[in-house]
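**Q** Start from the sequences and build out the full structure, keeping to the hints where you can.
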Amino acid sequence: MKNQRRVRSPRFVVPNNEQAVVSIGAEKLKGTLHMLSLTGGTIRLERRFASGTFADIGIQTASGTFSAAIELLTTTRDNAQAFRFIAMGPVARGRLNDGLSKMRAQGLGIEKTPLDQFRSLARRVLSVRLAK
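0 is the number of the first residue of the sequence shown in numbering that gives the first Met the number 0; add one for each residue after it.
Hint data in this document are derived by calculation from the structure and do not stem from the laboratory. You may find that some hints are simply not true.
Ranges of calculated distance between the beta carbons of each label pair, as one might list FRET restraints [claimed, not checked]:
(1) Ala-121 - Gln-18: 34 to 44 Å
(2) Glu-45 - Ala-121: 33 to 43 Å
(3) Lys-27 - Phe-117: 34 to 44 Å
(4) Phe-117 - Thr-52: 25 to 35 Å
(5) Pro-89 - Ala-61: 15 to 25 Å
Every value quoted in this text rests on a predicted model; they were computed, and no experiment measured them. Glycine included, every Cβ here is placed at the ideal spot set by N, Cα and C.
**A** Next up, the structure:
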């Protein structure tokens, strides 16, 4: 198998303090979406959960409401809980794609800074050297 370069899914800043509902068991929590991509995002919740906690999320988009199963990850530097999508139906995937396309058209994409690009290059160079 040839070396394939992993490409990170584009991230988008969610405007207007958009709300989402996270359900963990019988508990429902409202949170504010901070960032969103095809693979996951970050949300500010009233409390933090351990990395690896499974939940369901409901998000209202311009194309309609969608829900998906998520895994909560670590807390980010800006006190938002990261999550990744682990299961989503085809209708929900279409609504997410459409919503992200509209966010891209509004210029809400998060661009890598020159420092981020340098760090990425340094990691690639070091990983090649360490692999030898």
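**Q** Confirm or reject each hint.
**A** Comparing the hints with the structure gives:
1. About 38 Å separates the C-beta atoms of Ala-121 and Gln-18, a value consistent with the hinted range of 34 to 44 Å.
2. Between Glu-45 and Ala-121 the Cβ separation comes to about 37 Å, which falls inside the hinted range of 33 to 43 Å.
3. For Lys-27 paired with Phe-117, a C-beta distance near 42 Å keeps the hint of 34 to 44 Å intact.
4. For Phe-117 and Thr-52, the hinted distance range of 25 to 35 Å is satisfied, since their beta carbons lie about 34 Å from each other.
5. At about 18 Å, the beta-carbon gap between Pro-89 and Ala-61 stays in the expected band of 15 to 25 Å.
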